[in-house]
Amino acid sequence: MATINLKTREIEAKIVYYGCGRGGKTTNLEYIYKTYKKQVTGDMVSITTEGDRTLFFDFLPIGLSKIRGFDVKIQLYTVPGQVQYSSTRKLVLKEVDGLVFVADSLKVRREKNMMSLKDMQKNLKEYGLSIFKMPLVLQYNKRDLANEGFPMLSIEQLDHDLNRQLKVPTFPASALKGEGVGVTLKECLKLTLKSLKKQFQEG
Amino acid sequence: MNEGVALSGSLSFLSLGDLLQLFGSNGSTGVLRVYSSHSPEPGVIYLKKGNPVNAFAGSQTGTEALFALFGWIEGEFQFTIQEITEEKIITKGRMELILDGLRKLDDGEVEKLGSVASDTEVSDIAASDEGGPLIKGPLVDYMYIVDEEEYSDGQEIVREKKHGNWIWVVVQGVVQVLKDTPDGPIEVVRLTDGSFIGSMATFTVNGNIRSATNIAIGNVSLGVLDTQRLFTDFSNLTQGFRRFLLSLDRRLREVTDRVVEVRGRRISLDAWVKGRKPAIRQGKPEKRLFMITEGNATVVRYTENGYIPLARLDRGDFFVVYRFSILGTNRIRHPSLPLPI
Chain A
12 MATINLKTRE IEAKIVYYGC GRGGKTTNLE YIYKTYKKQV TGDMVSITTE GDRTLFFDFL
72 PIGLSKIRGF DVKIQLYTVP GQVQYSSTRK LVLKEVDGLV FVADSLKVRR EKNMMSLKDM
132 QKNLKEYGLS IFKMPLVLQY NKRDLANEGF PMLSIEQLDH DLNRQLKVPT FPASALKGEG
192 VGVTLKECLK LTLKSLKKQF QEG
Chain B
12 MNEGVALSGS LSFLSLGDLL QLFGSNGSTG VLRVYSSHSP EPGVIYLKKG NPVNAFAGSQ
72 TGTEALFALF GWIEGEFQFT IQEITEEKII TKGRMELILD GLRKLDDGEV EKLGSVASDT
132 EVSDIAASDE GGPLIKGPLV DYMYIVDEEE YSDGQEIVRE KKHGNWIWVV VQGVVQVLKD
192 TPDGPIEVVR LTDGSFIGSM ATFTVNGNIR SATNIAIGNV SLGVLDTQRL FTDFSNLTQG
252 FRRFLLSLDR RLREVTDRVV EVRGRRISLD AWVKGRKPAI RQGKPEKRLF MITEGNATVV
312 RYTENGYIPL ARLDRGDFFV VYRFSILGTN RIRHPSLPLP I
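Going down the list, the protein sequences come from chains A and B.
60 is the number that our numbering gives to position 49 of the first sequence; each next residue is one higher, with no gaps.
112 is the number that our numbering gives to position 101 of the second sequence; each next residue is one higher, with no gaps.
Bound-form chain A, shown alone (with noise of 0.2 Å):
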């Protein structure tokens, strides 16, 4: 549930991208940060944490209608896999409105998915939160790995393993070289403002 700031006339949500370490979580976080810099507020915060880093910043969708009244900010996180930061993760996964689930696309990395994928069922099952209910969109990401002769999952393979029960929105991606990036967010971002205005009793 979003927080209602009322000095500055805003509704807070919170976008977080999950997905097993060197996925291409801060990848896609970094190349929004850059290319929609001008939605951005505020400078992107960086934590390095073991095997990935943690990133942060506040993000202003255009485009996106007023719920009655309150301008909506998004915050985007990424969130540190490894079990040993819980209290990052808590703090991250606390009252989280969207999800983006990045998934590698390597063939090496598929057992990796799934335990991410479940890792993170288990995470929200903590704050009370159904992955089934709530706005999800997975990424297929590194396709372009597959010109360079690397083993790679295919997107029937990938949707097979991981989007069998959830049946969310997916899209392949080259987050690298922002292919993907933004249709990711956008349909996140859609899916957000929507469950958020139902919890507004809107529309």
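In case anyone wonders, no lab produced these hints; they're calculated from the structure.
Even for Gly, the Cβ is constructed at its ideal location relative to N, Cα and C.
Just to be clear, a hint being listed does not mean it is correct.
[Unchecked claim] Covered stretches of chain B, as calculated for chain A (at least 3 residues, CB under 8 Å):
1) 33 to 43
2) 101 to 110
3) 116 to 122
Please build the complex by placing chain B on the supplied structure of chain A, with the hints as guidance.
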């Protein structure tokens, strides 16, 4: 002192990270004091327009002190609205301080004060509340899987007495294991997700003769294991341990054969116990590992309905109250009662 208190409460309910976010979005100016029974002095954080400008914790000041306060996970807090004349010592942004503070706490760079409440265990989510598990099948190590195969209902996967060295893992579905008997096939067991088809005998020089027939019940997907890779792993084990594993494998075959004989009532207990002395008795503590260097032994289990023969052991076989089961969650009482001649 209570006059200016705007908010107070328990840190275990609202953590420092939560508080700083709250004051941040509120743009609050004032002093946040945190009290812990493990520190004689309270920790103090000065906030200006929602941002921490300075902090004190024991002998520490500034950013260092603020980070240290993230370790105060138990205690009380009190926020007082007042004008702040403190110099801005802390320059980092609010969110960076919060995320880095928590990171330091998680990395053990910041000491936790007080008893550490263990994280609440989340019950098994394998069967989630909404329509089945999120991810079907076991989380097998796909590094070992070279291919996946699909079988439809009634299709035969392996046939008893045929040669074959492949090992599969059941990714999804049910596989029926059948043994041939003069009275027709009987079902030994049904395997589901995460079970293996095949045996360690695959790694022996002679290769493997299938000990049972496996048939798919409904649609089954199997992962074909990389036997070459498994063999490499296997051959890196010590010779003693390899022999031990193969002995266990033989024992499983033996027990399965007995089940079939018992079912067909073609077994006489006399041959199993007569003239033999017990070496290990069921239920007695036994820590030694035996290898049969000469002769043979039988394993029988005593039940309410009398003795049940389980396996015949020969030269090179092992017996021991081995507790692999300790590694897992199931603990079983070992039934072993070998009777050497």
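Hint-by-hint comparison with the structure:
Using a Cβ-Cβ cut-off of 8 Å, 3 residues of the segment 33 to 43 of chain B lie near chain A, which meets the minimum of three, so the contact claim holds. Requiring three or more residues with a Cβ within less than 8 Å of a Cβ of chain A, the coverage given for the segment 101 to 110 of chain B holds, as 5 such residues are present. Counting residues of the segment 116 to 122 of chain B whose beta carbon lies closer than 8 Å to any beta carbon of chain A gives 3, which meets the minimum of three for the stated coverage.
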